[in-house]
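Student: What follows is each chain in one-letter form.
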Amino acid sequence: MSMFLFAAAPAALAWSADPSVAEHAAELAEQGKCAEAMPLIHQALEEETAFPSAELKRRMGAAGVRCAMILNHQGAATTLLAWLEEQFPNDPEILFMATHVYSDLSARSSRELMDVAPGSPLVIEINAENFEKQGDWRKAIAEYRVLLSQQPNMPGIHYRIGQIILTMPATATSNNEARKEFEAELKVYPQNAGAEYFLGELDRKASHLPEAIGHYTNATNLNPSFPEPYFGLGRCLLDSDRAADAVGPLETAAKLSPGNPTIHLTLAHAYQALGRKDDAAREFVLQKSASEKIQQNTETVKRNVSGVPAPDSGAK
Amino acid sequence: MRAALLAAGVGAFVAGAIALPPTQPHFIDITARSKFSYITDNDLSPRKYFIQPMAGGVAIFDYDNDGKMDIFFTNGAKLPELEKTGPRFYNCLLRNKGDGTFEDVTRKAGLAGEHLGYNLGVAIGDYDNDGYEDIFICGAGRNTLYHNNGDGTFTDVTEQSGIGGKPPGVLSVGAAWFDYDNDGLLDLVVANYTTWTPQTDRRCSVDGVEYYCSPTFYPRAAHRLYHNLGHGRFEDVTEKSGFAAAPGKGMGISIADFNDDGHQDVFIANDTEPNSLFINKGDGTFEDQALQLGVAYNDDAKSVSSMGSDAKDYDNDGRVDILTNNLMGQIWQLYRNRGDFFRYVPEQVQLRQLSQPLSGWSTAFIDYDNDGWKDLYSANGDIDNVKPNSRQHDTMFRNLGGKRFVDVSDQMGAGFLHVGYQRGSAIGDLNNDGFEDLVVTSLMERPRILLNSGANGNHWLTLELVGRYSNRDAIGAKVKLTTASGRALYNHVSVSTGFMSSSDKRVHFGLGSEKQVASIEIRWPRGGVQTLRDIAADRFLKVEEQAGH
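Taken in order, these protein sequences are the chains called A and B.
Read left to right, the first sequence gives residues 1 to 316 (this note's numbering).
Read left to right, the second sequence gives residues 317 to 865 (this note's numbering).
No wet-lab data here; the hints were simulated from the structure.
These numbers were taken from a predicted model, which means no experiment stands behind them.
Each statement offered as a hint is correct.
Straight-line Cα separation of at most 20 Å, EDC-like style, residue types lysine to aspartate or glutamate; simulated pairs:
| id | chain 1 | residue 1 | chain 2 | residue 2 |
| --- | --- | --- | --- | --- |
| 1 | A | K277 | B | E603 |
| 2 | A | K255 | B | D616 |
| 3 | A | K205 | B | E663 |
| 4 | A | K205 | B | D615 |
| 5 | A | K293 | B | D615 |
| 6 | B | K618 | A | E292 |
| 7 | A | K288 | B | D616 |
| 8 | B | K384 | B | E419 |
| 9 | B | K351 | B | E419 |
| 10 | B | K796 | B | D573 |
| 11 | A | K205 | B | D631 |
| 12 | A | K205 | B | D616 |
| 13 | A | K288 | B | E603 |
| 14 | A | K288 | B | D615 |
| 15 | A | K205 | B | D723 |
| 16 | B | K719 | A | D241 |
| 17 | B | K618 | A | E299 |
| 18 | B | K719 | A | E211 |
| 19 | A | K139 | A | E129 |
| 20 | A | K293 | B | D616 |
| 21 | A | K277 | B | D656 |
| 22 | B | K384 | B | D446 |
Full structure from sequences and hints, please.
Tutor: What follows is the structure, encoded as structure tokens:
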């Protein structure tokens, strides 16, 4: 597997099918002897038959990712991680590791950006994004405004501000404020499908269905692989008593986003309105299973991650 | 057509002396004028039993047929004994004296419930058509049916009625009377929540401090349907009616003919489970079509903590809509009836921003200002005291033309804005002035009797319908009122409103500035239609069902 291109790979040991190479590589990496381990890892990966067990493969791969990060071999880390994800799909530990690696790489890159271009508007943007990630909406908006004062026509910034406004607790004026941002965005960047989509949402929620239909349609034209505008379009057409017209966009939305129960529910209603009972029944089943899956996952996360202890954990 | 003008105006009520601009009715707490000892007692203690956040059902009804609305409250019990170990847990009946005060007649009426357990919801209905309203009480442990003897006393007829049976440990929260087979006899639906006893209570705590466990730790239970066989006997038809096929965690119950096919349907708000909408197929069976009709979930296809519910036509389009409230962080669910299915419309009517900070329990559509648009009342207060804003006040969201709601709570008066853990609430015209009043319970406090100051110059009309072929309470009768200017308003007879509560059965219409009604069309549950014409506003009309209609 010559795809593993380690930037700092020194001359490797002679190839060996001996599984002890992988074992040895893993041990070295786990001991923090990364410089010695990486060439061996590279070598071991060249021949998968060298792995006597999946466990050793996982162990060595994971240790290799950690070493690559320590040595700041970013390309090696991401490539090795991609290999692990391919070898162990849907593996919680690998996904957990990926979360940390990408987060770490993101932090390193932003630090590097600040080092090499401290006066760049991109630094301001990164700063704003960090505030946004922290949920500090007001500071994020303020930072984006600074950016706009320097570069009024920078695409994507009005859009971000609009999104933040909609994320914040709703006020009597927030929808109008968000609308202004999305409209400003489209003036500087008319190709922004997201801005068209959110304008559609605002109009739909204000019961301005013809206007919403226009915005959703624009969004689908700008980005045909974006499921939400198809869904919004279908909803509005259905609410305008145009069930026959609604089916197409809703079917597209369901195809693009099969795990979204609300899309299946709305599509079922559209079929129902057209008398297509069998199609409606199928969508209701899909809606129910998707909804139950979300519900179960939410409950599990609540119990296991959010600090909600299992019942009877307290004193009797 | 026979329409009798009621002479039941109770002019002696003094609605308070606060002078207000004529455009803004508000509520005045008159509770202190009356002597009674009832407080809603859930036996609050550091030991948190699952049942404790629920207590304090309310009913507004005229138990002695004197034309004045009386009030009944349910109460909790000692835990874990689950017994009313003393007067602090007794239920309470207050007789309306007509002078702005209420008299505690609980003992005389035989309604203290000394031998009952922890009581929750209350449902009022004249199940034997003898002209006197009877009482059904839900609870942990036994449910109870009281027959109104017509002399100011009640008799516990649970055993002989056949209505008391339910699987052991089933927790019954709410109930509603309705005539599902249109045989003229009121049947009963009971919203069950789970199987729970103090012995099976789960415990949740952080650092040794208990809090109420999530409902998700408890199983669902089947809601129950009892068919009225006549002569005071009921048959449990839960299985054969189809109710058993759709268990839930039942809270509020709303009765209406949602699909306008002449048969009464049942909506049940389920806590953390999909809501249920039992569509009456007209052959003695029901099918839960909540999912198909779009009322099972919110807009994200998720179930929420549905609490109270009401079903009325908020946008005056002739179709019955559904409202349920829920806990803070969620969005109260308003489902607009399109005719073929319901659309989830909280965003469109501004309910998202209005409701998200609130934990609502009981709720109701109430046209508090008689402008002809049903406004939205909610009794609020979180489950527990774990959040800084757990104690909350009631809210009134004014309906602006059926298009959106605005928060007018801060104009509703100091009594309305009482902060606490509100639970049950009922709507009714306690002083017969044509403006709807409120009665609200709060955990570990006296209830509030909130009189609507009215007097904004708007007109009204209230109908008392008496079934002769249909059930005597006329529950399920639909009324279309057309004003002289051609404005059409809709309502129906339904007493099951909100959470654990039962409201005034009279059908109220706010008429705005109009003094004259062109026509009133009444569609009785058994199918007859009566039309009254050219009626002056600001009056109570008693209308009896006529033969041949």
